[in-house]
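Enquirer: Given the coordinates of chain A, work out where chain B should sit on it, guided by the hints.
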Amino acid sequence: MLAYILRRLLYSIPILIGVNLITFSLFFIVNTPDNIARMQLGVKNVTPAAIEKWKSNHGYDKPLLYNKNNQGMSAFTNTIFYDKSVRLFVFDFGASDEGRDISHDIQQRMWPSLAIAIPSLLVGLLVNITLAMLLAFFRGTYIDISGVIAGILLISISALFYIIGGQYIMSKLWHLVPISGYSEGVSGFKFLILPVIIAVVAGIGSGTRWYRTIFLEEINKDYVRTARAKGLSEVSVLFRHILQNAMIPILTGVVVIIPLLFMGSLLTESFFGIPGLGSYTIDAIHAQDFAIVRAMVFLGSVLYIIGLILTDISYTLVDPRIRLS
Amino acid sequence: MNVIETGISWWQVKPDVLWTDWLIYALLVVIAIFVNHARQHEHLRAPWRLILRRRLAMASCIILLAFATIGLLDSIHFRQAVEQRSDGTFRYDNESVSLFDQIVLPLKNNTEKTYSAPFAVRLYAKENIETADGSMYRDYPRLKYAGAHLGEDINRQGEDIKVRVITALWQAALVIVAIIILLAAWRGIKRSQGFSQSLTSMIFGHGTIPWKTVIATLAFIVLIISLSLQLATVYHVFGTDKVGQDVFYLTLKSIRTGLVIGTLTTLVMLPFAIMLGIMAGYFRGWVDDVIQYIYTTLSSIPSVLLIVAAVLMIQVVIDNNPDAFSTLQQRADVKLLALCFILGITSWTGLCRLLRGESLKLRESDYIQAAQAFGVSNLKIITRHILPNVMHIVLILVVLDFSGLVLAEAVLSYVGVGVDPSMISWGNMINGARLEMAREPIVWWSLMAAFIFMLLLVLTANLFADAVRDAFDPRLRNS
Numbered sequence: 452m453l454a455y456i457l458r459r460l461l462y463s464i465p466i467l468i469g470v471n472l473i474t475f476s477l478f479f480i481v482n483t484p485d486n487i488a489r490m491q492l493g494v495k496n497v498t499p500a501a502i503e504k505w506k507s508n509h510g511y512d513k514p515l516l517y518n519k520n521n522q523g524m525s526a527f528t529n530t531i532f533y534d535k536s537v538r539l540f541v542f543d544f545g546a547s548d549e550g551r552d553i554s555h556d557i558q559q560r561m562w563p564s565l566a567i568a569i570p571s572l573l574v575g576l577l578v579n580i581t582l583a584m585l586l587a588f589f590r591g592t593y594i595d596i597s598g599v600i601a602g603i604l605l606i607s608i609s610a611l612f613y614i615i616g617g618q619y620i621m622s623k624l625w626h627l628v629p630i631s632g633y634s635e636g637v638s639g640f641k642f643l644i645l646p647v648i649i650a651v652v653a654g655i656g657s658g659t660r661w662y663r664t665i666f667l668e669e670i671n672k673d674y675v676r677t678a679r680a681k682g683l684s685e686v687s688v689l690f691r692h693i694l695q696n697a698m699i700p701i702l703t704g705v706v707v708i709i710p711l712l713f714m715g716s717l718l719t720e721s722f723f724g725i726p727g728l729g730s731y732t733i734d735a736i737h738a739q740d741f742a743i744v745r746a747m748v749f750l751g752s753v754l755y756i757i758g759l760i761l762t763d764i765s766y767t768l769v770d771p772r773i774r775l776s
Numbered sequence: 102m103n104v105i106e107t108g109i110s111w112w113q114v115k116p117d118v119l120w121t122d123w124l125i126y127a128l129l130v131v132i133a134i135f136v137n138h139a140r141q142h143e144h145l146r147a148p149w150r151l152i153l154r155r156r157l158a159m160a161s162c163i164i165l166l167a168f169a170t171i172g173l174l175d176s177i178h179f180r181q182a183v184e185q186r187s188d189g190t191f192r193y194d195n196e197s198v199s200l201f202d203q204i205v206l207p208l209k210n211n212t213e214k215t216y217s218a219p220f221a222v223r224l225y226a227k228e229n230i231e232t233a234d235g236s237m238y239r240d241y242p243r244l245k246y247a248g249a250h251l252g253e254d255i256n257r258q259g260e261d262i263k264v265r266v267i268t269a270l271w272q273a274a275l276v277i278v279a280i281i282i283l284l285a286a287w288r289g290i291k292r293s294q295g296f297s298q299s300l301t302s303m304i305f306g307h308g309t310i311p312w313k314t315v316i317a318t319l320a321f322i323v324l325i326i327s328l329s330l331q332l333a334t335v336y337h338v339f340g341t342d343k344v345g346q347d348v349f350y351l352t353l354k355s356i357r358t359g360l361v362i363g364t365l366t367t368l369v370m371l372p373f374a375i376m377l378g379i380m381a382g383y384f385r386g387w388v389d390d391v392i393q394y395i396y397t398t399l400s401s402i403p404s405v406l407l408i409v410a411a412v413l414m415i416q417v418v419i420d421n422n423p424d425a426f427s428t429l430q431q432r433a434d435v436k437l438l439a440l441c442f443i444l445g446i447t448s449w450t451g452l453c454r455l456l457r458g459e460s461l462k463l464r465e466s467d468y469i470q471a472a473q474a475f476g477v478s479n480l481k482i483i484t485r486h487i488l489p490n491v492m493h494i495v496l497i498l499v500v501l502d503f504s505g506l507v508l509a510e511a512v513l514s515y516v517g518v519g520v521d522p523s524m525i526s527w528g529n530m531i532n533g534a535r536l537e538m539a540r541e542p543i544v545w546w547s548l549m550a551a552f553i554f555m556l557l558l559v560l561t562a563n564l565f566a567d568a569v570r571d572a573f574d575p576r577l578r579n580s
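As you go down the protein sequences, you meet chains A and B in turn. Residue numbers for the first sequence, in the numbering used here: 452 to 776. Residue numbers for the second sequence, in the numbering used here: 102 to 580.
Calculated from the structure, these hints are not laboratory results. None of the hints are false.
Chain A side only, calculated, beta carbon under 10 Å to chain B, not exhaustive:
#1 Ile468
#2 Ile473
#3 Thr474
#4 Ser607
#5 Phe612
#6 Gly616
#7 Met714
#8 Leu717
#9 Val744
#10 Val753
#11 Leu754
#12 Ile756
Calculated pairs, SDA-like style, for lysine to any residue (alpha carbon to alpha carbon, straight line, at most 25 Å):
#13 A:Lys623 <-> B:Val512
#14 B:Lys462 <-> A:Arg772
#15 A:Lys672 <-> B:Asp574
#16 A:Lys504 <-> B:Val418
#17 B:Lys291 <-> B:Ala279
#18 A:Lys641 <-> B:Met538
#19 A:Lys623 <-> B:Pro219
#20 B:Lys313 <-> A:Ile603
#21 A:Lys504 <-> B:Asp420
#22 B:Lys209 <-> B:Ile177
#23 A:Lys641 <-> B:Ala539
#24 B:Lys313 <-> A:Leu604
#25 B:Lys313 <-> A:Ile596
#26 A:Lys504 <-> B:Gln416
#27 A:Lys623 <-> B:Ala226
#28 B:Lys343 <-> A:Gly616
#29 A:Lys504 <-> A:Gln491
#30 A:Lys623 <-> B:Gly533
#31 B:Lys343 <-> A:Ile615
Model, not experiment: these values are computed from the prediction. Virtual Cβ for every residue (Gly too), placed ideally from N, Cα, C.
Pulled out of the complex, with its shape left as it was, chain A reads as follows (with noise of 0.2 Å):
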C-alpha cells in the first residue's frame, strides 16, 4: 500500500513540472513582463524608467530562463523561471503583484471557502441520493420520467440565474436571510444559509441524474435478483442492497473533489462576498494580479492530483478485489 502511493507520488511530478512549464509559458513567454508591467502601469505613465523600475520592484528584472552574468548554479537560480515558478514546488507562493504574501491570504482565506463547500456537499449528497432513489425506485413510471425531464430542465438553468434569483426571493422579497456577507463564529451561520442552499438547489439536476444511472446499473445486477427471490421487500432490497453497492461509485466519484473543496466557487463567492479563495482569485482577475493567478492555477492542479490519488486509494479500501498494483 504504502509502496503504492509513493509510486503514484512520484508519478505525480512529472505531471506538475508540466503544470508549472505550461503556466510559465502562458505568463512569460507569451506575455514578456515588459507587456505585463505596461498593463499594470496603465496607458499614461508607460516610461521605459518606469517599465524598469516596476519589474525591478515585483523581481522581473531578471533573465528568463538563464542569467549569464552570474556563475555555477546560481546561473540558473538567479531568474524569473526559479524565482516564480520552481518555488512554487515547495509551496512558497511569494508575494502578488500588490506587495502581499500570497501564502498567508491562502492560509486566512481558505477557512471560509470551507465553511461553504463542506455543508454544501453534505447537504447536496444527502437530497441527491435521496431523489435518486426516489427515481430508480418509481423507475420506469410516469414519476421516473417527469423527475427526469425536470432534472433537464435545472441543468439547462445557468448557475448565475441561481444564485440571482436565491437572493432576490429569499433576501429582497421575503427577506429571510443576508443578501451577502460573511462573519466568523456562529453568528456567520446566517450567511451562510443561502448560499448552501443554493448550490445544493443548482447541483441537484446533474447529481441526481448521475446517481440514478448508477442506482439503475446497480438493479440490474445478479445479487438483487437474488434479494428479491428470497422475498425481500422492494424497499428493502433498495435499501439494504442497492444502496451499500452504488455507494461505492458515489463516494469515490466524491472524493476527487475534497481537495478542491478548499479552492472555493467562483460565483458563489463573488456574489455573496465571502472572502474565501473562489473571490481572492476572482478580486485577482479583475485587478490582473497575474501572480495570485499563477499561484492558484498551481495550487489548484496540486489539489487535483491529490483528489486523483484519494481516489485510487478509497477504491481499494471499499473494495477488496481492487488489488493495486
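Expert: Relative to the frame of chain A, chain B by itself:
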C-alpha cells in the same frame, strides 16, 4: 449609418467576412458532407430515424434549427455604402452589419434614452419636461419609438395590444394551415398518395415521424414570429437597457454568440482530440505515453483556472497590439475566436481519453488484425477501419458538450474572462443586469429575456443530446 438620407440603396454593400464567419461556413460544409454521407448508409440513417421518432427530440430539433437559422443570418456580415464619391465609387461604413440586422432593422434602430419596462410607453426614470409655454414639470417622459403610433391617446394601449395579438393569432393560424397543406402535398407526392389520404395519415396516423409534434412546434415558432412582427415593431416587448437599446434585439443577437461558442469550440478541438486519441490507442508504446502525459497534465489544471489564465494572457496580447484590428468588431471577433480555442484546449481531454480507450479495444479486433496481416498501411487502417467505428462517440460528446459551452459563456463573461464587453451576449446581458437588480423599482427585464432565450436553447440542446446519446450508444440501447 442611416441609408435613407444618403439615397443609396441598402444592397449597395461590400461583404465583410469575420473570422468566426469563415469557420461557421466551414462548419456548414462539414455538416453537409456528414449529412450526405449518413444519407447513403443505412446503418447511419437508422439511429437518426430513431431520434426523430421521439417527440421531444423532434420538437427540440426544430427549435434548434430555428435558432441556427437566426445565427446563420447573423453571420453574413457586410458594410453598407454611406456615400457615393464623384468618380462613382462608394465609401463604405466602418461598422459592418449582418443580414439579420437588416431584417430586424426597426429593433436595432429604435433606441430610447435609457431603461424602459416591457410594453412601456414612458421612460423608467422621471425627467424635467418643458411644456409649450416654457414651464417645467417632472414626469416620466414619453418614449420616442414605443407606442409612437398611439399618438397622445395612451389609454388606447391595452386595446391596441389586444387587437395586435388577435391579428397575430390569425396570421399564425393562416400560415400554419398553409404549412400543413404544403407538408401534406409534399408527402403525398413523395409517397404517390392522394392529398386527403396523406393529410389524414399525417394527422391521425402512427407513422415513424411524429407529425403532430412537428406541426405543433412549427405553430409555436410561427406564432412567436407573427407576435414579434405585430408587437416588437411598435413596442419594446422586453423593454430597453441602460443605453436605450431594445432588449429583444440584444437577446436575439446573443443567439449567434452562444452558437459560435457552442459549435466552433468543438470544431477547433475535434481534429486534435480525434487524431491524438486514436494515435495513442492504436500505436501504444511511447506515443501513448507522450499523449497520455499531455492530456493528464492539461486536465489536472482546474479548467476554470486554465481558462482564466489563458484569457488574461490573450487579453494582454490583444491590448498591446491595437493596430492589428481595423474595427472594434473585428477585435471582439478575434477575442471570441480565441475564447473558442481556449475552451477547446480545456475540453478535448475527455474525448481524447475515450477515443484512446476505444481504439485500444478496436485494434485487437479480428478485422483490424486481418488488415494488419495483409500489410495495409497504418494510416489506411486508421481512416478506413478505426475512425468510422469511433465516430459515434465523437458525435455523442459533441452534442453533449454544446449546452455546457453555452452555459460556460455566461459564467465566464460574468467572471470577466468571457467575450469582449462590446459583444452582445447573454453573459454580458446578465452581467449588466446584476447591477440593475439593486435599482428601485427593479429592472428585471433584460435578465428575464436572457433567461428565457438561454433556457430555451440549452434545454432543447440537452433534450436533443439525450436522444442522440440513447440512439448512438449501443450499450444503452440494448438495456
